[in-house]
Structures are given as C-alpha cells and as structure tokens.
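Keeping their order, the protein sequence lines are chains F and G.
The opening residue of the first sequence carries number 137 in my numbering; numbering runs sequentially from there.
The opening residue of the second sequence carries number 512 in my numbering; numbering runs sequentially from there.
Source of the hints: derived by calculation from the structure; they are not laboratory data.
Ideal Cβ positions, reconstructed from N, Cα and C, are used throughout, including at glycine.
A hint or two may mislead.
[Claimed, not checked] Some chain G residues well away from chain F (every beta-carbon gap over 10 Å; in silico):
#, residue
1, 564
2, 587
3, 608
4, 696
5, 746
6, 831
7, 853
8, 861
9, 880
10, 881
11, 882
12, 886
13, 895
14, 899
15, 921
[As the list claims (entries may be wrong)] If you want the footprint, here are the derived chain F segments under chain G, 3+ residues with CB under 8 Å:
#, region
16, 156-170
17, 227-234
18, 372-379
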Amino acid sequence: MLEIKNLKASIEGKDILKGVDLKLEPGKVHAIMGPNGSGKSTLSYVLAGRNEYEVTDGSVTLDGTDMLAMEPEERAAAGLFLAFQYPLEIPGVQTTTFLKMAVNAVRKARGEDELDPLSFLKRLKEKAALLDVSDEMLKRPLNVGFSGGEKKRMEILQMAMLEPKIAILDETDSGLDIDALRIVAEGVNALRGPDRTFLVITHYQRLLDYIVPDVVHVLARGQIVKTGGPELAKELEATGYAGLVDAA
Amino acid sequence: MVATSPYRPDSAHGFLQQPYDGAEWRAPALDQLKERGIPTPILERWKYTNLLAFEKSGAAPAEKVKFQGDVVRLPWMRQNSRKLIFVNGHLILGDAKLTLGGQGINHRLDSTPMDDFDDGMLWALNTAFCADGPSLTIDESCNGQTFEIIHVAQGADAPLLSSPRSVIELLPNMQATIIEQWIGTGTGVVHTNHAWQIGVAAGASLKHIRLQNDRIDRAMLSSTHVRLGRDANYNNVFLSAGAATSRQEFWIELHEQGANATVHGAQLMTGKQVMDTTILIEHQAPHCTSNQTIRNVLDGQARGVFQGKVHVHQPAQKTDGYQLCNSIMLSPTAEMNTKPELEIYADDVKCSHGTTTGRLDENALFYMQSRGIPAIEARKLLLAAFVGAVFDGVEEDIQTVMQNQAEGWLQA
C-alpha cells in the first residue's frame, strides 16, 4: 500500500502541494482529478523523485518503506512507475535496448536474475502486440519521431515490462484521439490485478469511461478536497470544478 | 586574403634553425615561414588555440627510427586493406610505391594551397620538413579498396617534429576508403604537423575516417585540403580524443557542380586538453551540398573550439549548406568556443547553421532513472548516444570501433 501523509512540496520557493493525504490500496484504481494548476503533475513528479521539487513536509511510504529518501531509480526498483504526460525523446538509444536495460536494472535491484535475451524478446513481443506497438517502432530510438499516440502506447508498454506495484498515469489521455485512447486504456486494463495499484491523473472524465476507477479524488490548490466513487467523476463533468475550488 | 599584420615572423625562428635536407624545392616554403612565422592568437583564425608550447618546444625534424611496437598488434580494422605504417612521418611497413618517398618526395606536392585559408604557415612548415607519407592514385587497379594508414608518433629523448604529407587523387568515378589512425607511444614529445592533399575527380567518392589518439603531452596539427570535381563526394568522419593541443583544419572546395562534402565528427576532451576543429567549405559551383555535424564532450578544464564557415560564391546557386555543432559540458571549468559562419553571395541557396552548448539533458536523465536505470548508467548511455550520432551511416565494422572507442573514453 502506498501511503501519502500531509505531503507538502514546492518548486523554486513556490508551494504547490499543501498537505496531500492519500491511501492507495492494492488492486484498486484511484483517479485524481482537478483543475489546471492544482498540483496533479507535481504530485506525480514528487512521487517519482524529480529533484527540482523540494518536499517540505509529510511522508510517502510504500508498504512501510520511506520512498522520499530514495533516488528515482530506487523507487522504480521498489515498484513505482510513472507514465509521463510528455514522454522524453532519447535519441540514439534503440527502444528495445532501452527496455532491456530498464527491465534488467530493475530486476537486478530487486535481487532477481537478468532476463536472457530470448525470454526478454518473447515477453516484449507479447506485450507489444497487445498495445499495437510494431517491430519497426521497437527498432527506432526511444520516442524519437513517435506520434503523441505512439509515445503514450510506449509508456504503457514500459509499464507492462516493468511490472510495477504502483502505476501512476499522468494525463495519459492528453493529446490522444479516441482510437489511441481506447488502445491505451485496454493496455492499462490488461495490467489491472490484485497486487497492483493505479493512480490515474486526469483533467477530463473521458479517460475514466475507459479505465473505470474504484475511487475518485479531487485535488485543488494542493490538497485533496473531495473523495468519492466513480460517480464523482461524472458529477464533476457536469458541474465543473468551480464549487470545489471555492470550497478549498 | 593574406593577412599582413600584426605577425610575429620570429615565431618560426626555432624551426628555421633546424636541419633539413637542403632540397631546393623546400626553399619557397622556408621563405614563406620566415616571412609569416607560426600562427599566434593575434590572428583571428587562431584566437582560441595557442601554439606557443609547440613553437617553443625546440622540436627537431624527426629522423627515421625503428618502430618499438609490434605492427601486428596495431589496431587494424580490416583484414583485406592495403596497410601503411609511418613512424614519425617515415614509412616503416607497407608498399613504398604507395608513398611519396617511393615516388620521389616532391613530385606531387602542392606548395601553398592553404594561402587563402590559413595564411599557409602550417602548410609551409609541413612542406619545409616533410620526409614521407602516403601518396595514392585511385584508378581501376585499386578501385574500391580500403587503405589503412597508421601514424605512430614515437617519443625519444629530445623533442621531435613529425611532418607527414599525405596525397590522394581519385580518378573519375573511382571510390576509396581511407582509415587513418594517429597513435602516440614512448615518452618524450613528438609534435605532429600533418597535411593532406585530396583531389576527388568527377563522379568519384572518398570516405575518410580519422581517429586521433595521440599522447596527451603533444601537439597534433593537421591541415586537410580537398578539391571536389563534378558530382564528387568527400565524406569525413572523425573521432578525436588525444593530444594536449589538437587543431584540425579542413579547407574543402566544392569546385564543380553537384559535389558533396560532409564532415561529421566528435571531439572528446578532458584535463587541460585543447581541441580545435576549423572548417572552411567553399561552395564555388551550383547544386553542391555540404554538411558539418560536430559534437563535443568537455570535462575537466578542457577547451574546445569549433570554427566552421560556409562560403557560398556568387555562381553557387542552389547550394545546400548545413552546419551544426553541439557541445555537452560535464564540468563547470571547461570552456567551449564556437564560431559558426555563413558568407553568402548567391541568392538562391539553402544554408543553416547553429550551435548549442549545455549540460546533459536533466529531463532525459530523470526519465531514464524513473525506468530504473541508475543515474550513472543513464548518463553514460545519453553521452554515448550523443557522440554516436555522428558515426551514423559509417560502415558497420568501422562504426563499431568508433563507438567502442568513444564509450571507452566515457567510461574512464
């Protein structure tokens, strides 16, 4: 279980998170919704360990282990995965090579044996097929020249390969057309399971039609201001964030 | 344009006191040297690279010596290549018929082709003291062959000056690959001042690979002059990691319609190394293309220099000239100087130039870490990819060697 307690964080002296409390239970899909500037992306970056953000208070623990003291790669090894809103292009590094490095680095850190090349490729082919990722894409440098949809599918493929305990999706729906959205959502749904927690961050309710959450939280002005079931997302779609933001 | 002042002609004084064989054909070069001296930072083109240590070293022209190493263990890349080894500018192993020494040293020498480019001093210095070097004519009998030339700078007790001269002429429609490696051995300083004369006739194509791994206490100077005929190709790919001070100049003339020249290379430097790549591309005829892509990685207190100029002459319509220099600084005390220039007199051309100098992309680093790749590995991977991009398109066997050398440097 990922437990976030009174998490406060700032960037360049500006307070963004002002005491976030969340308990993310295994097997559950949590959604975080909120208006622009509420701190959604900051929360995802802070959880993943981006060093530009300063954590000023609070704690984040995964099954009791302090996450905030860890380097980003240690958090990945511990089972945290962040699907980026804007995945980076890595010129000169073939996608397959990158995936193999990542998978084996994480396995090594978890005390598992590295995958032999054949088992790795077999696993990669299976998961790639599910996400409609072609062999040609896997041969290209990571994300270089990929369309928005291809980049997001690649994020989910990385998630599938790394088998995280906690998967954070940061506005994965942004820039996707309906078909791409469906493929991405199917990829995510295929990864749902009793041991895995999802934190789906989104601005729009649309994504939650495809990835149906168990719990919906509203983040506004750096705090969770409301928590409810899937119906809360629909409600927000109808009424907007205005009432909640004012209340915060 | 020949600069007239302010020179310090006496800067060549030390070299002019050195013994030479007295051959008459060297006289014009010696006169030129006497008149102009060794380049100093007073000259615009030499603002960032100071040859004082070279000039003051008292290096004497290197005599032929026995090679101390094992020729078999040199880093040859291809089994079926024609091989030449020069030690301090003298042939040690290989077919003498492929050398200036074996053909009559002076009969192919072009005395002052660098006049317009560099005021000719280093070229003149080379002419004044050169003893030997490869001298190749590519015709039907050797079309498509690879020539591997290894230059060893082998140190001795007293400082030496090695002055190899290389000449290659490709006849129309011929192809050749040159793999040139510069290696340093022994203690004691051997400075190198090398000159290349390259002629590529109509429809011919030359691939020119250069790896520079000289010892860290030396100067490694080279001037490369290329003249391209109609639809001719010159492709240079280099990797420089050695020498205390290295300066490689290219003066490439796209002399006839449809010619193409590319210079892609990487300079990797650390400590107090100075590495300078200076390129002048002359678009003299229409429909020619040129591409300069240079990448630098700087650590320690290294100082890098890139001066690249595309000069489009008035008749050179439909020119396509591209120039880009990217540098990554690994240390706050390193320094990169870039001077991209365009000089265009034709009105229907496509030219672009740019330089970037910065740190490794922190966002990319974080992205890779977030996938579990440790920061140190991620950094190496990003740098290897950054450098490796300039080797794209090189034949695989050579590309692998260059990539491995670059990665070896990054690991250290």
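Status of the hints after comparison with the structure:
Annotated as non-interface, residue 564 of chain G keeps its C-beta farther than 10 Å from every C-beta of chain F; the closest such distance is 36 Å. Residue-level check passed: residue 587 of chain G sits 27 Å from the nearest beta carbon of chain F, beyond 10 Å. Here residue 608 of chain G stays apart from chain F, with its beta-carbon at least about 42 Å from theirs, past the 10 Å limit. With 10 Å as the threshold on Cβ separation, the claim that residue 696 of chain G sits away from chain F holds: the shortest Cβ distance comes to roughly 33 Å.
No Cβ of chain F approaches the Cβ of residue 746 of chain G within 10 Å, the least distance being about 20 Å, so the stated non-interface status holds. In this structure residue 831 of chain G is separated from chain F by more than 10 Å, as the shortest Cβ-Cβ distance comes to about 22 Å. With a minimum CB-CB distance of about 26 Å to chain F, residue 853 of chain G clears the 10 Å threshold, and the non-interface call stands. No beta-carbon of chain F comes within 10 Å of the beta-carbon of residue 861 of chain G; the shortest separation is about 22 Å.
In this structure residue 880 of chain G is not separated from chain F by more than 10 Å, as the shortest Cβ-Cβ distance comes to only about 4 Å. Distance check on residue 881 of chain G: its Cβ comes as close as 5 Å (rounded) to a Cβ of chain F, failing to clear the 10 Å threshold; non-interface status is violated. For residue 882 of chain G, the shortest C-beta to C-beta distance to chain F comes to about 4 Å, within the 10 Å cut-off, and the non-interface label is violated. Not every CB of chain F lies more than 10 Å from the CB of residue 886 of chain G, the least distance being 7 Å, so the non-interface label is violated.
Non-interface status of residue 895 of chain G relative to chain F is broken: a Cβ of that chain comes within 10 Å, the nearest being about 7 Å off. A beta-carbon of chain F comes within 10 Å of the beta-carbon of residue 899 of chain G; the shortest separation is about 5 Å. Once the 10 Å rule is applied to beta carbons, residue 921 of chain G is consistent with being away from chain F; the minimum gap is 13 Å. With 0 residues having a beta carbon nearer than 8 Å to a beta carbon of chain G, the region 156-170 of chain F misses the requirement of three or more and the stated coverage is violated.
Using a Cβ-Cβ cut-off of 8 Å, 4 residues of the region 227-234 of chain F lie near chain G, which meets the minimum of three, so the contact claim holds. Requiring three or more residues with a Cβ within less than 8 Å of a Cβ of chain G, the coverage given for the region 372-379 of chain F is violated, as only 0 such residues are present.
In the structure shown, a violation is registered for the earlier hints numbered 9, 10, 11, 12, 13, 14, 16, 18, in ascending order.
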